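Participant: Line by line, the protein sequences are chains A and B.
Every position in the first sequence, counted from 1, becomes a number in the working numbering once 1183 is added.
Every position in the second sequence, counted from 1, becomes a number in the working numbering once 1183 is added.
No lab work stands behind these hints: they were computed from the structure.
Keep in mind that a hint or two might mislead.
Which copy is meant is left open, so a pair is good if it fits within one copy or across any two.
Below, simulated EDC-like cross-link-like pairs (lysine to aspartate or glutamate); rule was C-alpha separation at most 16 Å, straight line [unchecked claim]:
#1 K1315 <-> E1325
#2 K1365 <-> E1217
#3 K1292 <-> D1323
#4 K1431 <-> E1394
#5 K1483 <-> D1419
#6 K1189 <-> D1252
#7 K1365 <-> D1252
#8 K1425 <-> E1325
#9 K1453 <-> E1194
#10 K1390 <-> E1187
#11 K1390 <-> E1318
For clarity, every value in this text was computed on a predicted model and none was experimentally measured.
There are 2 protein chains.
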Amino acid sequence: MNEEYKRILDEDVRLVNEAISRCGELSYSDTPGELVIKAESYSLLAGGKRIRAALCVELNRLFGGRIADCCYDVAACLEYIHAFSLIHDDMPEMDNDPVRRGKPSTHVKFGQNTALLAGDGLSLLPFEIIPKLCENRSIDPERAVRLMGTLASAAGSRGMIMGQALDIHSEGIDCDLDYLIKMSELKTGCLLKASAVFGAILAGASKKEEEAASRYAAGVGLAFQIVDDVLDIIGDEKLLGKPIGSDKRRNKNTFAAVLGIDGAMKLAKKYTDQAVSAIASYEGSELLCQLAQDLMSRNK
Amino acid sequence: MNEEYKRILDEDVRLVNEAISRCGELSYSDTPGELVIKAESYSLLAGGKRIRAALCVELNRLFGGRIADCCYDVAACLEYIHAFSLIHDDMPEMDNDPVRRGKPSTHVKFGQNTALLAGDGLSLLPFEIIPKLCENRSIDPERAVRLMGTLASAAGSRGMIMGQALDIHSEGIDCDLDYLIKMSELKTGCLLKASAVFGAILAGASKKEEEAASRYAAGVGLAFQIVDDVLDIIGDEKLLGKPIGSDKRRNKNTFAAVLGIDGAMKLAKKYTDQAVSAIASYEGSELLCQLAQDLMSRNK
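Assemble the whole structure, with the sequences as input and the hints as a guide.
Facilitator: So this is what it looks like as structure tokens:
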């Protein structure tokens, strides 16, 4: 990615992190009641690429939205939902993963009960924050309602949560490509699409533009998952910051297992091309087109 | 309670149950992906007094709101959040309760992973439904935003979830009355207050009326919890439908343990009086006044 685009994306991430830090709902004292908030904060500040937030900001920019402070506050809401899903996904009854981004998972650090509640708290946080942004007139009510409906449906029982359910169900059985695609579309795709649509809604984009944003994110999401699977086989542990081969050890169904490395990368390219073609005709889409290419050719 | 009031409340509950049944988001097929929705539905239809929904409907009626179908759909949202909290509360890492209302708890019936996801799904469901009611013009956007903000804040990390955190923390230590009151206000009071305020918001009530609704529910909530604690000592197992003495066996901090039966009932009366006095001056408040009295003198 060229230096200018990299600088813009880094600045997006910095400003989203700033929005997370200034979020009053996440400030805590060392009292028993606020331990859950401390756990929420721990999980949020443990790092992460902030891809969802960046999609929101960059699609907003693409469709001519004013990049006000509230755009970062709204973008952060996507990261709250993402963090909620990671906390619950890592728990013993789900993936039972004691480590996340090189640090103890939330339930290891704070105990299972506090982790359960921290995930619950983060799942509700966007619906506390967006109404407050509406109350102080940073967003109008129509837009606030659309943002909340889009987010809840994307994360809910017919979106991300259904993807997690399909993931649980797939353990120990052989899945075909269709199943893997559907699972990935739900588990990560829905929230990524919502992230892009968030940007479009904030910009007051047309329905056609919203759909373009959604198609872009859908392609990026599938390509991202496929590359993840490939890197778990041929990646560099030092660059990735985690051991490779974990999918195979867990006997997980992955795109790489079903299609082989070459077949998987071919499919990743197809989805990346779809993502690019969804937005390429819009002026100023070069950064997002490069982002899609870079996410495919990344090595970490 | 006189027959007419009883009939009105029974009809409220019937119509709320109908709203839950017609909720498209809760209909499911027997596929792996929809097992989570089946679990949500199981938990919702396992019974319950629907006090939260009834508070919403009756406060709406008190403040002159039109009792349209959408009022029951909105009231049902309070029950979704309540069911979410019960599913997660019953899980092994929390209260570890295998039975709820005489039936296997959700995690016993469906497994811990599905129960975790079912709770997550229900926590998001109101924020899917209310925007749809807004989209089909049953509620205006301003009101939809206020409802969602009120609900998320009441349930979130500084509301119901903080109450659950305080409850976890209190295990094995002696709590004083202030701690018990704060815990109860958060764990059950916040959602009850939101339920009453929901009714006021739907009715387009004034701020003063909203506050009266909130004070009423706060008093009812504390009295209700105190009576719960007392019934666990002196209640009739057959009427209650569950074994008594469970609080003592679990060494739980309760109002009855701290104040004794008589002291606890005196405090329940004080809170009931506060509830009644908050709304007694409004025309048509007799049903709600009687409801508060009845919840205090119940034997089940």
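Participant: Could you run down the list of hints and mark each one as holding or not?
Facilitator: Against the structure, the hints come out as follows:
For the homomeric pair K1315 and E1325, the shortest alpha-carbon distances inside one copy (14 Å) and between copies (12 Å) are both at most 16 Å. Proximity of K1365 to E1217 under the C-alpha cut-off of 16 Å is restricted to the inter-copy arrangement: shortest distance 13 Å between copies versus 38 Å within a copy. In this assembly of identical chains, K1292 and D1323 lie within 16 Å of each other by CA distance neither inside one copy nor across copies; the values are 39 Å within and 43 Å between. For a Cα distance limit of 16 Å, the shortest separation of K1431 from E1394 qualifies neither inside one copy, at 36 Å, nor across copies, at 58 Å.
Taking the closest pair of Cα atoms, K1483 and D1419 come within 16 Å of each other only inside a single copy of the chain (8 Å); across copies the shortest separation is 63 Å, beyond that limit. Proximity of K1189 and D1252 under a CA criterion of 16 Å is satisfied in neither setting, with 20 Å inside one chain copy and 52 Å between copies. Within a single copy, K1365 and D1252 get their C-alpha atoms no closer than 35 Å, and across copies no closer than 35 Å, so neither meets the 16 Å cut-off. Taking the shortest Cα distances, K1425 and E1325 never come within 16 Å of each other, neither inside one copy (43 Å) nor across copies (47 Å).
For the homomeric pair K1453 and E1194, neither the shortest alpha-carbon distance inside one copy (29 Å) nor that between copies (56 Å) is at most 16 Å. Within a single copy, K1390 and E1187 get their C-alpha atoms no closer than 30 Å, and across copies no closer than 51 Å, so neither meets the 16 Å cut-off. Taking CA atoms no more than 16 Å apart as the test, K1390 paired with E1318 passes between copies only; the shortest distance there is 15 Å, against 26 Å inside one copy.
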